[in-house]
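Given chain A, put chains B, C, D, E and F with the ligands in place with the hints provided.
Protein chains in written order, with the numbering used here: chain A, 1 to 283; chain B, 1 to 247; chain C, 1 to 247; chain D, 1 to 263; chain E, 1 to 263; chain F, 1 to 310.
Don't take each hint at face value.
Example chain E residues on the side facing chain A (calculated, C-beta under 7 Å, incomplete) [what the hints assert, rightly or not]:
1) Val81
2) Arg84
3) Arg85
4) Met89
5) Phe91
6) Asn95
7) Ala108
8) Leu111
Here are the computed lysine-lysine pairs in the DSS-like style, where the Cα-Cα straight-line distance is at most 27 Å [claimed, not checked]:
9) D:Lys77 - D:Lys121
10) D:Lys99 - B:Lys63
11) F:Lys24 - E:Lys99
12) D:Lys63 - A:Lys4
13) E:Lys121 - F:Lys24
14) B:Lys16 - D:Lys63
15) D:Lys150 - B:Lys63
16) C:Lys63 - E:Lys207
17) D:Lys121 - A:Lys6
18) D:Lys99 - D:Lys150
19) F:Lys24 - E:Lys77
20) C:Lys63 - D:Lys243
21) D:Lys93 - E:Lys93
22) B:Lys63 - D:Lys206
23) E:Lys243 - B:Lys63
24) C:Lys146 - B:Lys63
25) A:Lys4 - D:Lys99
26) E:Lys99 - C:Lys63
27) E:Lys235 - E:Lys63
28) F:Lys24 - E:Lys126
29) A:Lys6 - D:Lys99
30) E:Lys243 - C:Lys16
31) B:Lys16 - D:Lys243
Because the hints were derived from the structure by calculation, they are not lab data.
Being a predicted model, the structure only gives us computed values, none of them experimental.
Even glycine gets a Cβ: it sits at the ideal position worked out from N, Cα and C.
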Amino acid sequence: MDRKLKEMLFFSAFRGCALLVVLSLVVLMWYIATGGLERLSWDFLTEMPRRANTEGGILPAIVGTFYLMLIVLAVSVPIGVMSAIYLVEYEQSSWMGRVFKLAVYNLAGVPSIVYGLLGLGIFVAFLGFGFSLMSAGLTLSIMTLPLMISAAREAIAAVPQSVREASLALGATKWQTIWHHVLPYALPGIFTGIILSVSRAAGETAPLMLTGVAMSLQRLPDGFFDSFMALPYHIFYMATQSSNLLATRPIQYATALVLLLLVLGMNLVAIVMRKRYRDRYKW
Amino acid sequence: MTPRTTFNHELEELNKEITEMANVAKTAIERAVQMIADMDLSLREEVREMDRRLYELNERIDKHCLDIIALHSPVAGDLRLISACLKMVEDLNRFGRYAWDIAQIVDDFEEGKAFKKFESLRTMACLVVGLVDDAVYSFLQRDAEKASHLHERDDAVDALYDSIFREILTYMMEDPHKITMGIDLILVARYMERVADHACNIGEYVYHMVTGERLDPKARVGNVPQNVEACDRLFDHPCPRTELDEK
Amino acid sequence: MTPRTTFNHELEELNKEITEMANVAKTAIERAVQMIADMDLSLREEVREMDRRLYELNERIDKHCLDIIALHSPVAGDLRLISACLKMVEDLNRFGRYAWDIAQIVDDFEEGKAFKKFESLRTMACLVVGLVDDAVYSFLQRDAEKASHLHERDDAVDALYDSIFREILTYMMEDPHKITMGIDLILVARYMERVADHACNIGEYVYHMVTGERLDPKARVGNVPQNVEACDRLFDHPCPRTELDEK
Amino acid sequence: MTTTIHTEDLNVYFERNHALIDVTMDIQNNQVTAVIGPSGCGKSTFIRCINRMNDLIPGCVVKGKVLVDGEDVNDDKVDVVDVRRRIGMVFQKPNPFPKSIYENVAYAPRLHGVTEVVDGKVRRRKHTKKELDEIVERSLRRAALWEEVKDRLDKSGMSLSGGQQQRLCIARTLSIDPEIILFDEPCSALDPIATSKIEDLLVDLKKDYTVIIVTHSMQQAARISDRTAFFYLGKMIEMGDTKQIFERPQMELTEQYITGRMG
Amino acid sequence: MTTTIHTEDLNVYFERNHALIDVTMDIQNNQVTAVIGPSGCGKSTFIRCINRMNDLIPGCVVKGKVLVDGEDVNDDKVDVVDVRRRIGMVFQKPNPFPKSIYENVAYAPRLHGVTEVVDGKVRRRKHTKKELDEIVERSLRRAALWEEVKDRLDKSGMSLSGGQQQRLCIARTLSIDPEIILFDEPCSALDPIATSKIEDLLVDLKKDYTVIIVTHSMQQAARISDRTAFFYLGKMIEMGDTKQIFERPQMELTEQYITGRMG
Amino acid sequence: MAYRLRWKGSNRRRVRRNVNLSPKERAIEIALTIATWSSVVALGAVFAELMLGAIPAFLTIDIIGFFTGTVWNPAHPTHPLYGILPLFVGTLMVSFGAAAIAIPIGLGCSIWLAELASPRIRSIFKPAIEILAGIPSVIFGFFALVILSEWISIVFDPVTKLNALNGAIMLAVMMIPIMVTVAEDAMNSVPSSLREASLALGATRWETLRHVVLPAALSGIVAAIVLAFGRAVGETMTVLMATGNAPQLTFDFLRSVQTMTAAIAIDFGEVVFGSEHYHVLFAVGLVLFVITFAINFLADWVVRRYKEDY
Ligand SMILES: Nc1ncnc2c1ncn2[C@@H]1O[C@H](COP(=O)(O)OP(=O)(O)OP(=O)(O)O)[C@@H](O)[C@H]1O
Ligand SMILES: Nc1ncnc2c1ncn2[C@@H]1O[C@H](COP(=O)(O)OP(=O)(O)OP(=O)(O)O)[C@@H](O)[C@H]1O
Ligand SMILES: [Mg+2]
Ligand SMILES: [Mg+2]
Ligand SMILES: O=P([O-])([O-])[O-]
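Next up, chain A with everything else stripped away, as it sits in the complex:
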């Protein structure tokens, strides 16, 4: 019967697609992993780069990325979560909601390089932070803010209205309701959003290029207004600009592997958390 045949043909094609996707990603990871493991060592992680990055480790890059994550965590998270709470629980005039929706929805899709321009214009030039950790960190913070807000907002809005009503009907005040019920139940979702945002910031390169990431430093940044190195930029730099591209390939691979592990690890945590959260609260 042709109806059956059609079904079979299409379904095989879909299986083929899936296989292709798996294959391509496995290949990618395989190359990075095998290439990177060659050079990866404890020393590589804990030493300063030497001789124009051709030797030594990548400690400043790791630390720089870590600092960036810290700034994002400190700036974007509280503002993002608070905004999300306000938007879900308090906001009541329709125009403000619309403006917000517009801003957040569209700014999430704006290319990261554009945020780089912003950072350059405002933090580096206008506010005079110069090419520093602070400029880069704040830029990344603003870049991840839409992601943060919408993640937190979704998590908060996913707490069913019935829980709020239950709490209010017991004579709890609005804030008590939010604090005792909405936030705790939304927390895993918010955390997921936080981790995703921070890991996105960790892997982002383009804005850093405009806000002062350094090609090579023999030291750790000694403050938030110092210049810094970062893992993704280090990969880019070593792969395209450094003096001896071929000789430093192992370093490039290893750095890529480190970044990959860092970001994937964080994402994994986020996803496991979300899954557990979903299992835990089945409304």
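Here is chains B, C, D, E and F with the ligands on its own, set in the frame of chain A:
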């Protein structure tokens, strides 16, 4: 669109059955009274047949009412209708019994014409047939007003029964040979009195069915002129309201 | 835990009421018969009181049954119980009426001891009280077996009535002065026959209530030895089964 | 065209859970058969066996026979798609497709096309527009919905009220002219007024179809069904005429359940 | 401690939608009052006026008086939080907090603390552990749930069955010892057996509380309530003793609705 | 990244407020309002800054030439040419190329995942794909630069090793996880009751998928495509490293191209603050911003226009 087709259908069925039963019961009483009036013994078998039919209908409607209650959980007006039916059938069934009892007694009479002499018995028969007729009518027409006035006429019947009883007693004392017949007459009167009683019961049920209120028992106390004038008409047209049957 | 507390509670209430009514009805009949047996006219007021009480209970239980149907949509056994109650109350009420009727007649007697002479009337009274007793018992005990046998005894009562009727007739023919009393006696017999009839009705309801089946009308045809031997016991102990009342 | 159903020693397992135990029963045609019982007793599982919807549940094993007109639907040789075409199903929550009302009803006929015999050869062709229009109108009329929607057949099925949606689902099922229609708690998401419309429709449908309905509401079973089956803990406890079940059930359990004394 | 409620010319508007029109009614204490009516007639809106849950709905305007023990809860001077503490509410879908059973019940008492008068001064303090334990046990007992959960108070409230969850919600409401308890279709998500347990509980609760219940099921209203109010299109059509409403309603509309002839 | 920017219940109206707020409650509300406004300001700054940066450029250079010029040579010491067309075409080539590869494969994969894969496989596959969506772009760029380009040069023997095809393929691999997660979500959120309804009418699984699930999920699928496309347009590092960075106007996939993002990233390395070049780069950024803005709007419009309520 009124929903609940099945339920409405069942209620219609029930209504048809009870209408049939009411008409049969009424006719049975009328035939029995006709037998007294005209000594028309040919009606005997007919009355018996109707008695049987009433018994059957009693069973059937009873079961039907229970079905409806069990399956459709009627409330309000529907429930009152069904409860009225449940009770009414017993009374209607009794009509049949009494009609048959009367028919049997009339049948036994040696001196058929005896009844004719008892004007008051005739009057009573008139009253009772009128009562039954009105009871059935009030049910079919859902006429609470009419139903509420049956009691008053029943009181008239009761009074009449008392006087008939005394009359026949005197009559028997005068001529002991009439004792058998006298007793028969008394029983007939007694039966008719019972019929009137049951007709009143029907009135009570109808009243409750239509209004949702119980008929105030105190209303029974009041005494009302006895409407006997319709009597002759009744005897000439035994089923004056058969046009209702189609309802 | 059996749920539906309210419903169960209502059913219990209903059961209590109907038990009370059954006992009052039974007692009323017993007292009436006692009046015949012992010419104990002092019981008259008591019977009247019971008649009144029965009338009240009739209204009340009726209403209660409707409440339960309207509010709780009973099915199966519960529904059968309620339908049985709905019908039974009418019969029990009749018991009261007849008891009162009997009481009134007995009261009228000039020659009170007349009854004593009529052994068969006494026998009949025995039978009837036994029937009523058993009808009530079968209801209280949900005893379908017992309920199904009431008919047979009713046939005995009917037969007895016929013979009493003839007997009294002869008696009246012999002595025309006894006519009034004769008629009274016949009416008493008649009333008792009716009571037996109603007791049978109760039996039918109980049978249906317990088994869910209708009592086969053909079972009525069968004739069964008349259990008259319990009679004397009855007259000595008018309420032989009062221990059930607590149930 | 109507059909009898006969199940024999039907057993259903979900992994370790024995959800249906030795159900043997007969369902007559042109009747409404109601299936009642407490939650989780296997009512849904039972009717989903009849059109093999349980196939969709991973880990569900069905043993025993379900004979529809003498043919075992569980047989490997039987075409599931065809079984489902012959045995329609209406679900608990109204689930119209998010398409227009017309498309909802025309969907299945379009899929199946018309099977004709031309010159002795069996041929499948598409419906003409006119044929489809007719099918849609007929089905909607049959589902007592035509009058309410005839002026807006191109509106989304989702724009209807709950009760209308459910009738649309019924019309959709009728469009392929099934022999049997299964209803799984079709009114539990509806209010009393919508419910009573659906009930009327069900009673009307039995003239032409064999109808099986699972319901939580005993009153509903009482109101509309001719026969009632009572399930408890995966077993069929009692089956009989609805009147008999509700007036004098044979089993103690049934009486307990219908009088609300279970639990 | 119980309370009477009296509403006067209560009107509720949702934007342009006039959802409740001139509702004037009296609710007596220690009774179960049922509110019935077709879908969308304003039943929920009505009871949500009593504990001001409508405040949560954007665009909802409430006019008229709701006097609880003579005090207008709609008054601006009245503390909403306090109103809600005194008037408990149980919702359609069981909505326990995803906390342990114990925490679910202990939540509200913890919030409110104990108000004591020490040395002539009003003082608020926290409950001691023992007091809390007592409250939890008492509330759960009152909700007929204690026996079923006493061994697993630390398990999540979500792990209970639907009927148990609903009773947990009731226990939670009882924990603050409200004067009035409002139920908005508390059984519509439950099966008949669970429903009948809740109904029993409701009847039991009226000994100590004033109970108002919105229900879709007329049978339920009939079974458990003392008085019944019938709403239609935002108006209160009739209110009276449940027996009277179900045996001889005064209004034609009421009769149509309860006999299922509406629509 | 599985979070789609979806907003529920947006049309809010005034609710009745509690007049008797405790001081604590009031303070909290104020704090939250401040936080919210600061994020509004921060986000508004993005647009404002772009405008401010770009305006001087539009004042000094030929606007028409900017949009129609075919040569991009801003670094020329005397006659810098600011024709954005080569960059624009480069961007479109790479992203459309990527879309052409990613859409069919991604769609097939998401259908497989949503409809055919067994629950166990799905429960592993879905998170895996989500994790991959988080791989930093620089790593894809690195892979394209080092490995993929080698393979392409073996197969096609192109003019330059780093070319548009290289970028397109790599971008496609990047797009697929984003697409799959969002599209699979959309298909998954089609209630199974619709599937059951169709199957119960005697439809096959393919027919059910084709006529019921896909139409119902259409808005989500289109949104997935548009979203992924938007990411491709805005992607910087991958194209920067993969396409060879030659700002030439070409339609040959085997030649090097430069995208707008890459141009900004590269050129900022050497521009002087406040120079004309500096402001032109802001102008390019503004164009990019407008394009992605438009794409997002499109996605939003599609979702709303074809959204099915079930
Ligand atoms: N998909 C499934 N996977 C595992 N077990 C299932 C599944 N569906 C049903 N069951 C189990 O099978 C038994 C019967 O379920 P079924 O859905 O048939 O009950 P039901 O009578 O329809 O109940 P309800 O009235 O709640 O719909 C239950 O014990 C249930 O837990
Ligand atoms: N949040 C809301 N916004 C706008 N209108 C509403 C809202 N809530 C209810 N309404 C409207 O108010 C009217 C009454 O609604 P309400 O929820 O009180 O009805 P109900 O009787 O509880 O119905 P149901 O039985 O379906 O719960 C309806 O017409 C409804 O459309
Ligand atoms: Mg089910
Ligand atoms: Mg409501
Ligand atoms: O039915 P009755 O014997 O009382 O007329």
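Going through the hints against the structure:
1. A distance limit of 7 Å between C-beta atoms decides the matter here; for valine 81 of chain E the minimum to chain A is near 5 Å, and the interface restraint holds.
2. Proximity of arginine 84 of chain E to chain A holds as hinted, the smallest CB-CB distance being about 5 Å (cut-off 7 Å).
3. A distance limit of 7 Å between C-beta atoms decides the matter here; for arginine 85 of chain E the minimum to chain A is near 3 Å, and the interface restraint holds.
4. At its closest, the beta carbon of methionine 89 of chain E sits 4 Å from a beta carbon of chain A; the interface hint therefore holds under the 7 Å criterion.
5. The beta carbon of phenylalanine 91 of chain E is positioned within 7 Å of a beta carbon in chain A (closest approach about 6 Å), and the interface hint is therefore held.
6. Taking 7 Å as the C-beta contact cut-off toward chain A, the hint placing asparagine 95 of chain E at the interface holds, the least distance being around 4 Å.
7. With 7 Å as the threshold, the beta carbon of alanine 108 of chain E comes within range of chain A, its nearest partner Cβ sitting at about 4 Å, so the hint holds.
8. Evaluation of the leucine 111 of chain E hint against chain A yields a held restraint, the C-beta minimum of about 6 Å falling below 7 Å.
9. For the proposed pair lysine 77 of chain D and lysine 121 of chain D, the alpha carbon gap of about 23 Å is at most 27 Å, so the pair holds.
10. With a CA separation close to 49 Å, the supplied pair lysine 99 of chain D and lysine 63 of chain B exceeds the 27 Å bound.
11. The straight-line distance between the Cα atoms of lysine 24 of chain F and lysine 99 of chain E is roughly 26 Å, inside the 27 Å bound, and the hint therefore holds.
12. With a CA separation close to 26 Å, the supplied pair lysine 63 of chain D and lysine 4 of chain A stays within the 27 Å bound.
13. Among the hinted pairs, lysine 121 of chain E with lysine 24 of chain F is consistent with the structure: their alpha-carbon atoms are about 23 Å apart, no more than 27 Å.
14. Between lysine 16 of chain B and lysine 63 of chain D, the direct Cα distance comes to roughly 50 Å. Violation of the 27 Å bound is thereby established for this hinted pair.
15. A hinted pair counts as satisfied when its Cα atoms are at most 27 Å apart, and lysine 150 of chain D with lysine 63 of chain B does not qualify at roughly 43 Å.
16. Distance hint between lysine 63 of chain C and lysine 207 of chain E is fulfilled; the C-alpha atoms sit about 25 Å from each other, no more than 27 Å.
17. Of the pairs offered as hints, the one joining lysine 121 of chain D and lysine 6 of chain A holds, with about 23 Å between alpha carbons and a cut-off of 27 Å not exceeded.
18. Proximity of lysine 99 of chain D to lysine 150 of chain D is assessed by CA-CA distance (about 16 Å); at most 27 Å being required, the pair is judged to hold.
19. Between lysine 24 of chain F and lysine 77 of chain E, the direct Cα distance comes to roughly 19 Å. Compliance with the 27 Å bound is thereby established for this hinted pair.
20. With a C-alpha separation of about 25 Å, the suggested pairing of lysine 63 of chain C with lysine 243 of chain D holds against the 27 Å cut-off.
21. At roughly 16 Å between alpha-carbon atoms, lysine 93 of chain D and lysine 93 of chain E fall within 27 Å of each other, so this suggested pair holds.
22. A threshold of 27 Å between alpha carbons decides the hint, and for lysine 63 of chain B with lysine 206 of chain D the separation of about 24 Å falls inside it, so the pair holds.
23. Among the hinted pairs, lysine 243 of chain E with lysine 63 of chain B is consistent with the structure: their alpha-carbon atoms are about 25 Å apart, no more than 27 Å.
24. The straight-line distance between the Cα atoms of lysine 146 of chain C and lysine 63 of chain B is roughly 22 Å, inside the 27 Å bound, and the hint therefore holds.
25. Taking the CA atoms of lysine 4 of chain A and lysine 99 of chain D, the gap is about 25 Å. The hint holds against a cut of 27 Å.
26. Our distance criterion of 27 Å between C-alpha atoms is broken by lysine 99 of chain E and lysine 63 of chain C, whose separation comes to about 49 Å.
27. A distance of roughly 14 Å separates the Cα atoms of lysine 235 of chain E and lysine 63 of chain E; the hinted pair therefore holds under the 27 Å criterion.
28. Between lysine 24 of chain F and lysine 126 of chain E the CA atoms are separated by roughly 19 Å; this keeps the pair inside 27 Å, and the hint holds.
29. For the given pair, lysine 6 of chain A sits about 24 Å from lysine 99 of chain D by alpha-carbon distance, which is consistent with the 27 Å threshold.
30. Restraint check: the Cα-Cα separation between lysine 243 of chain E and lysine 16 of chain C comes to about 20 Å, which is no more than 27 Å; the hinted pair holds.
31. For the hint linking lysine 16 of chain B to lysine 243 of chain D, the alpha-carbon distance of about 21 Å falls within 27 Å, and the restraint holds.
When each numbered hint is compared with the structure, violations occur for hints 10, 14, 15 and 26.
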